[in-house]
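Undergrad: Here's the letter readout for the chains.
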Amino acid sequence: MLELLEGSQAVARAVGLARPGVVCAYPISPQTHIVEALSGMVRTGKLANCDYINVESEFAAMSVSIGASAAGARVYTATASQGLLYMAEAVYNASGLKLPIVMTVANRALGAPINIWNDQSDSLSQRDSGWLQLFAVDNQEAIDLHVIAYKVAEELSLPVMVCMDGFVLTHASDVVELPTQEQVDAFLPPITPLEKLDIAEPRSMGMMAGPDVFTETKYLAHMALVGASKVIKRVADQYAAHLGRDAWQPVRVWGPDSPSERGGPVSAERPAQQGEIAVIGMGSVMGTMQAAVPRLKEQGIKIRLVTLGSYRPFPARSVREAIGTADRVVVLDRALMPGVGGVLSADVRRSMARLGIPMHSVIAGLGGRSITERSLGKVLTQAKAGELGELEFMDLKRDLVEGAG
Amino acid sequence: MAKTHIPFMQTGTLVVGNRLLDEEDRAVQSYQNRPSTLTRGHRACQGCAEALAARWVLDTAMEVTQGKLMVANATGCLEVFSTLYPESAWRVPWVHSLFANAASVATGIAAANHARGRDDIRVIAQGGDGGTGDIGLACLSGMFERNDDVLYVCYDNQAYMNTGVQRSGATPPAARTATTPAVGPHPGNVFGQGKFVPKIAMAHDIPYVATATVADLRDLEAKVRKAMSHRGARYIHILVTCPLGWGTKTADSIKMARLATRCGLFPVFEAEYGEVTAVTKIRSQAPVEDYLRPQRRFAHLFGAKADEAALERIRGAAERNIRRYNLLPEGGVA
Amino acid sequence: MTSATVPPGLSAPAGSSAVYHTGSWRTERPVYMSLLPPCSAACPAGEDIQAWLFEAQEAGDGYERAWRRLTVENPLPAIMGRVCYHPCQAACNRVQLDEMVGINAVERFLGDLAIAKGWQFEPPAGDRLTGRRVLVIGSGPAGLSAAYHLRMSGHEVHVLEAKTEFGGMLRYGIPAYRLPRHVIDAEVARLEAVGIVLQANQRVEDLAARAAGYDATVVCVGAGVGAHVSIPAATAAKVLDAVRLLEETAAGTPPLLGRRVAIYGGGNTAMDAARTARRLGAEDAVIIYRRTKAQMPAHEEEYKDAISEGIRVKWLSTIAEVERGKVVIERMELDAGGRPQPTGVFDEVEADTVVLAIGQDADLDIVEGVPGMAVERGVIAVDERMMTGVPGVFAAGDAAPGDRTATYAVGQGKLAARGVDAYLRGREFAAPQRVAQATFDRLNTWYYADAPAQSRPELEAARRTSGFEEVVQGLSEASALFEARRCMSCGNCFECDNCYGLCPDDVIRKLGEGKKYSIDLNYCKGCGICAAECPCGCIEMVPEER
Amino acid sequence: MFQVVIHGRGGQGVVTASELLARSGFAAGFQVQAIPSFGSERMGAPVVAYTRISTERIITREPILNPDAVIVQDPTLLRTMNVFDGLAPDGWAVVNTRESPNEVREACPDAPRAGGHLATVPADDIVREYLGRPIPSAALLGAFAALTHQITLEALAASINRLFKGKVAAGNVNSANVAYQWVLDHLGQEDAGAHGGIAHVDVDRPSTSELPIPIAGDPEVTNA
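Chains as they are written, first to last, in this note's numbering: chain A, 170 to 574; chain B, 33 to 366; chain C, 5 to 550; chain D, 181 to 404.
Possibly wrong hints are sitting among the right ones.
What the hints assert, rightly or not - Cross-link-like lysine-lysine pairs, in silico, DSSO-like; alpha carbons within 30 Å at most:
(1) C:Lys242 - C:Lys308
(2) C:Lys520 - B:Lys281
(3) C:Lys330 - C:Lys297
(4) B:Lys231 - B:Lys313
(5) D:Lys345 - A:Lys215
(6) A:Lys466 - A:Lys566
(7) A:Lys387 - A:Lys399
(8) C:Lys318 - C:Lys242
(9) A:Lys215 - D:Lys347
It should be emphasised that the hints constitute simulated quantities derived from the structure, not laboratory data.
Using the sequences and the accompanying hints, generate a full structural model.
TA: Printed below as a string of structure tokens:
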């Protein structure tokens, strides 16, 4: 049933359908509406057999999640921006402990200067944390992704960040469709943790590892994420099949000639080819980008969109395949490594190292700067013309920076 | 469990076991088949009172809960010496996450148990003084303020021993640590205002707060029992001797804790809902010097350069405790 | 690494640390000791006091176990519980904490309880009977003790008593108000019950003749002859010795003493004589003693009891002359060496009778002229196993060298019995090993509950002097138990579980009640807490030899 | 695709208006999208929200740069910012003010020039009367319905009743109803304002029976 829902409300309902046992969070914009809604669902009993814990910090939120997950509960939390950094120590810990926590990151910029608006600096800063990071393009994907995330997390015994652009998605009302409780129950059985605190079989979790075994634990963590790509893909396909409709994909390729309006996985779409520009990005910017494509096409600029739903693990092979023989690659990067360039660009560059295709990193929409079809069009026009630099800051106000510093 | 009057039994409840007592009056530590929740093979230093206190606390809790217990442990000596992979000295479902978050992890465990209707499984969080009162204070306070069903136990050895004896918020004035060396015009730790976490705990009006030491097992066991008889947030703060950090003989770990209480520097009491309800009176008062002198961390207070002014301030602290908690028995002499 | 693969969460099963042996860290190891407590060290009868108090502490059935443990060494607890001067208590470590443990009173409690309950000794089992026959001459404490221990060793024992009733000085030297006769009867009867044959009215004149047919003989004839000094005395003056006074009183034919009695001497016998005189009707009994109170040999308790019964003492006085109705005394003063010296100052004390309590001598008629038998300083010379110069003839008690107390006699009787046993079995006599003492500094007295001593109730003073009713009443059970529990078990594990409970490394195993503990040296780090916190000091840290 | 920008101040229900508008479009079977542009604003600061109504799936996430219609919830904004930025000359605008459309045009050069494309509504007066609180959103959406016909008054009433209950719902529906009628009554009168406020409104107040949706005294009736 289609509904008009604010993204946060939709996500809260999706999380509720997954029947978590413990939800805890600390308020930070723009994640608040999600946990507010969940607190209400727990209070009213709509979400039964669930404890909602109001904690005193994000660090505590992740810590409570760790405890609850270690005790075998399905756990949910949400955060953003500074909150994610404040919980960073526990973020790494949760993945090290192999706890299948699902956390929504309502992507937001990092200060200073303090800024509450959307970019993706926060979750991307945790790219090495050992968590899976899955991105939603729109609120429908955000809904689907939360259900998928639990299934993936629990199958892999790894924590998952579901990343959705703050405000742009969390606070936007869209027409979406939630799966039914029956559908989710059938898809997502009760959690059976690989390992948990168990009075019947007491074990010690979170032990110290010496030099003799630490490398091996990290190797295993690496291999677990490498292997996760297949699991993610399978689960996403299962989910779509289960619901009988299109749903989130770890990598989606789209062009004006795509058989489906949202595009499809690499296997179902042709890769970019000569004469085309492959545009790679994550999150809501890819919606706006897609909207800009028809006008660009009119200008003779052929675009193939590669939308990454999975950032960690990074689907390098799919990205390489999707790029195909494109003339050039433009990465729309919502996060910056100062002194280096775009965060996502670095991953893309690594995956296409031997392709010999020029790549442009476009830093776009930092701190809530609007990403417009017009600006995207401008960038791609420049790209087509070979005028785009290797690293560009979209809509940079030159007058504000020239002479500064 | 209320302490009951026990007729004269040679050693009464002063010793661990007493064959003259009825079975039900005996300490859990005296049970031949006690849980030994923290068992042999751990790598604590010789004479580690923290290891001892932890076994006491958890064995009692295991007894009370009939084995339905889960434990969250902060980073620190207790964690490091007990769980170097692949060997764990714990015989209880146990998890270590981070330094600062044991209280929150415990909250999560309790919530998970509650959500699946297993409130019969109880949760204990434990950490050292740094993990509790310094870096972990926010999580601890949150757990208290929400009145989460967790017993938090702090093993206070008065410094960051795990990292090589640096000063913590619980380090006593004048004590030498690696970061408060005994040099300069005011050697050792500063005379600050102190941070006594039990009083911070009491400020949350939680159901139960108690202090204890490793010198009085029965008192500690009774307090753990009492704590476990309450629901909600509870806190027990245990003074544990650290031979390494204090510079004491390994065999003197119990004696030093005893002297800490006998001189009044460490008050032993219970508080319920923010009010002190019981005080363990000083059985036989000792001068603070008796407590300080055997500790190398206070060596600069004695000898050729005896720091009488510092000693006087420490005496003052002991007297203040004695007055504040009414530590002397009726008649005022112990 | 012990695990084949690294588990995903790097977890480990409970208690898996057992594979890690921390015992290699140790430089000292704790060792459980059994040390000689000062009470036992001081007990002339060699009682393992700590051991039987340990049993008594448990009350109920523990009393009988305590009594049985006690009577392994001393068959006369009801008697000794009354007349022993309990050097054990003077040695008791608890004196340094609060007050000594009332061991003697507990012994008496157990002794009386045994009589009341009719507890008997276990006679030697048939397979332990040796068929050897031993003659014991004298049924005083030494003789009874020797007879008991010999019997328990499986020998046939025959006791000959010169007097009409058994007990020797217990009966004839100690007043009934201190040692009621039924108590002696009961403990003697118990000895007869295990097959010891006692015969009264058997004065032995010819040792060799009487010893014929026995494999060994123990001479325990005591020291029943009152010592005399030469004091100028008027013929009308009535002078008798304390031994006679006590003996005749005991036999029911007390001598007439008159209203005022002077007793000469400062020992326990003097106290007994004075108190007996009061009971026999003397209105005034005054003790005349050459030295000061501090030098008085009488036991403090005996002295106190005497004073509380109205007995007076003239210190630093000697009797210069006895006249009718009075004695002339000379005042003495102590010289630099603490010895009394006459001053030439005289005084008079009214006295109808003078009782001499200045010592007793052994009655050595029996050994006179026996070839090989040596008498030295008025007693029969013996070797370390109490054998006289005559092979197979042993001596014990007051007739042998050593202290003249009933308890010492019991101890000597036991020693002689061991000597006899070794002699009969042709074994080397093994002198008892002296082990390290449990001194006070070894204890951790923090662990003992604060508990001052219970004193035995005493008969009101006015009632005391009116007869020979027992003055010092036994402890009630509660009080006896209290006293028993005041024992600190010096140097001997009493299973307080401190080592077990206070080990930070969980390396001590409790083996079950009565079985004590074992230390797993694979893990013991040698911190020494167990030794430091052992209340009774029975754990010693011993350096590791590497 | 019909794109609407709503300007107002924090606390005036701008975000709610955006959602009500989207919801009303959704009720009519359209694809919709409502995006509030959040700041760290508190009560009183300027707020803008965007609503798209379309027959096709809406994939863009950009802010609306060239709206088809602008709703101005607070008249004070007219002279502090260009609320009509990007609006096509033949675009639509609803302004909460007692001024006449031409008075608005005078102050704002980018305001719709075309006759009948700019409606001014004394929405504050209306909601003061029918709602009792200064949240003019529903009234302005009522006016918007009358002006643009992009949504129906019935759909708006249904959306209001979905979001609110009881007296608040009834007050908002009534306000929307009255404003709707106001626009019908005044559309094309480019110089007609409501300078007399609600008193002026009262003079020409239509009888309840003439309103598209009967005025509800009893909120239960409205909810039903």
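Undergrad: Which hint numbers does the structure go against, in order from smallest to largest?
TA: none
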